[in-house]
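Starting from the known structure of chain F, fit chain R onto it as the hints suggest.
Note that the protein sequences, when read in sequence, are chains F and R.
For the first sequence, the positions run 1438 to 1595 when the working numbering is used.
For the second sequence, the positions run 410 to 1181 when the working numbering is used.
I should point out that these hints are in silico values taken from the structure, not numbers from a laboratory.
Any given hint might turn out to be false.
Said to hold, decoys possible - Here are a few chain F residues that face chain R, going by a calculated C-beta distance under 8 Å: (1) Cys1477; (2) Asp1503; (3) Gly1505; (4) Thr1512; (5) Ala1537; (6) Arg1562.
Ideal Cβ positions, reconstructed from N, Cα and C, are used throughout, including at glycine.
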Amino acid sequence: MGQHTFILNGSTVTVNVDDDVRLLWVLRDVLGITGPKYGCGINVCKACTSHINGKAFNPCSVQVKDIGPTDQVTTIEGLPATVGAELHPMQEAWLENDVAQCGYCQPGQIMAAVAKVNQVHAAGRELTDADLDEIRNICRCGTYSRIRTAIRAGAEAM
Amino acid sequence: MTDLESRPPFARANLRRRTFVGYLLGGATLAVAADLSLGNPAYAAVPSLPQIPELYDLGDLQTDAARPTANLIRIVINTDGTASFELPRMEVGQGITTSTAMIIAEELDLPVDKVHVSLAPARPELMFNQLTGGSNTTVSTYTPIRVAAAIARNALLGAAAIELGSIVALLTSKEGVITGPTGASVSYADLATKAASPTTQAVSVTLAPRSSFTVIGTPQNRVDALAAVTGRKTFTLDLEIPGALPTMVCRPPTLNGSPRSISNRAQVLAMPGVTHVEAVDTGVAVRAATFGQCIDAVRALVVVWNPGSVEGESDATVLAKLRAAEIPLAVPPIPLLAQTVEAEFTFMFRSSAALEPNCAVADVRADHATVWAGLKAPIVAQTEIAAAVGLPVEKVTVNVVTGGGSFGHKLFNDAAVEAAKISQKMGVPVKLMWHRADEPRQGRVHPMATSRIRATVLLGQVLTFEQRHTSVSTDFGHGLGEMISHNLDKLPTGLGNLGFAETIFTLTQELPYDFGVVTQLLNECDMRFNTGSMRNIYSPDVACANELMVDRLAALTGQDPVAFRLAFLKNSRVKDVLRKVAAVGQWGRSMPAGMAQGVAVHSEYKGATAVLVEIDCRPATVNRPIVNGVTGPRVTKAVIAVDAGLVINPRGLEAQMMGGVSDGIALALTSSLHLRDGHFLEASWDNYFYTREWNAPLDFQCIVMPSTSEQPGGAGEAGVAASVSAVACAYARATGTMPTRFPINHDQLSFTVKPFVPPIPESPTDGLSHTF
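Looking at chain F on its own, in the form it has when it is part of the complex (with noise of 0.2 Å):
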């Protein structure tokens, strides 16, 4: 049993659990921070999506041992916060659209959006289809349509 300390939605949590247990688990069952959803617990369907140091990763596949004590995830309940509101811009874009079906992808879609969007704009370049085509998430809903539709508008905001 490790002692674990790191940022979690801009708060220092400090936990105890073995070191090769998966962020996911440390999140969800352990933190009872409930937004990454299970889907696949290997890196394929994306469910978990959340951000570390700003940048979209999927704790299913990273050992908590491996987050260290500066290290900032971010899940979608700290999402607002990153840009001191109420809802982010992406999650604005998502209610306007209307995206949501099951909802239970829509967390990690929301996070890998973000991600992708700010990848984009820190190369300088606009959104393309090309870009949407390397989101991974799984949709089983299929409401594909409006997730690209919602990160366009999304990205017009950010």
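Chain R alone, transformed into the frame defined by chain F:
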């Protein structure tokens, strides 16, 4: 050409200004009720021509099944001015909590966000009337919910008249406030207790005509949208039930195997976090502090297994059985000069798994049990859990939790019953989760099927159209089966469940064309698989076969596919949606070689859909690289038009059509299971290729057709059949070859098969190398 335009499609449901009886319930605050079977008239005998589903379909069966039960649904006006309603159906993403809130808001003159719709737990007294399936929710609940809401509004008006010293006729209600002639007003919050009835009494009410609607028919966002985008929406695995620790099952290497013995139980019990290891009939269950530790324990278990139900079997051996079981075609006498066209189509096994895996929380004690799960047939689940743990039904509480998708999957209670058994055996509460790999390998699948069609043509007319659909047995021993007879369906008749499946088939399949002598027959065989009613049940396969054949008939008679369909379609609503997609989608526009348009129609759920797609089958597109992904042909554009009768929420309907198109693309092009050596090979979303962003249409348009109908149709499944058909037809036109096996990429295994022992893959540790 006989046109059925003379028969109003919804004449039987003429609800205009009908008066209904409901109840004011005795209590401290205003509560009203209505019978859930209201507004669903009886039907005449089933005619032989036209086809059965045109006049009496699966939805009518569901509605009729509920008729004899006195089943009240209740709306309560709360002292904060909101209304509460427990819907005896399950929300899985199809939007029924939103549309139900809209129906109540309409009749109550209350803002939609002041109507709280939750999901009712299992209510055994509802008997057959607590099943979510067949796209029947709004069809069957629309009138009773309106009646209850209208009674509540009348009671509020009555109380307000006393409060305001006026008479009801002079009052107006708007957004939860009732205003009198002097401008004085009183809110529903103030009236909630004053309008309460001391005793339960029957009252009559007249419903408003649709011309007065201000909420129904307007686009509304989902009531749970904010919860969904903030991560606050709660699913079964998010519930915090005291003591219900993470639990998973080590499953057998072949389909439906069972554990014989555990070789290293003590060793696994000593692993970090592990609290319990117990064998159940489906495998070996482990309970631990985290799911991560469950995964490790499942992988560490050494189990001796009994054989499964399909040892040694493969796609080819099952297909051979299907072919042997096909009912022969028997063309009636036709003129000598008629041409015969024949084709056989094969549809491989598909997984109906949602993104939320099978899961349930169970707390089974000596004298009672409580279960939480996403269940579309909770009454059946309650009965089966009770039987599984040896408790009386009334000692089992089944809570219905919002589901992370269903697609037919949650008609079954596999996880709920399994969780109850495990909880009983371990003597502690459990939160059971299936691993993703468990879903395609041991979970419910859409059965493999063949569809053989023979048609005859003479002088531009189709004289006969025969279809023989042959399928691995579809398991209806749950919800839809509950409708006819839950117990009867389970009897070992030695004939499979042929009779029941054929009933469902007959009630859903409708060839919308005037093709002379039409016969559509189903035969089912082979009950060893875990099958289910995947979204739209038989229709995607049957319609795909039909529509490909229709294109062939059009070509044979030298006609354009749209013109040919318009010439032979029977129903004006189907023609209208086809004309609409042809116009919006610019049918017939020129396309480069390797690209083509395809079009298809479908008629079901008291409605009609048409889909036009454009597909790109050029090598540069087909072979575009996506790591661990299937690319293949891309549907670049999809246009879908839907006539669903009276539409409650066009925005929600459009969402369902979008999902239907995504499903159709996957069914036609990429998604299937491969059976080899007694097990399915797929174990991941990168093995089972549901539509991904790189397969999604770049241009999607949905047209909701205007309708003057007073009757809502079904939405949740209505978009699938025409979509898969249109994609298949487009592929045939783009490549010049009519595909006969679906999905078209089935013969190409596009992934490395994961091991079967241990049954689930290790959790990766390199996640930080894949950030962006």
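Going down the list of hints, with the structure as the test:
no., hint, in the structure
1, Cys1477, "holds (4 Å)"
2, Asp1503, "holds (6 Å)"
3, Gly1505, "violated (11 Å)"
4, Thr1512, "holds (7 Å)"
5, Ala1537, "holds (4 Å)"
6, Arg1562, "violated (14 Å)"
Consistency note: the structure conflicts with the earlier hints numbered 3 and 6.
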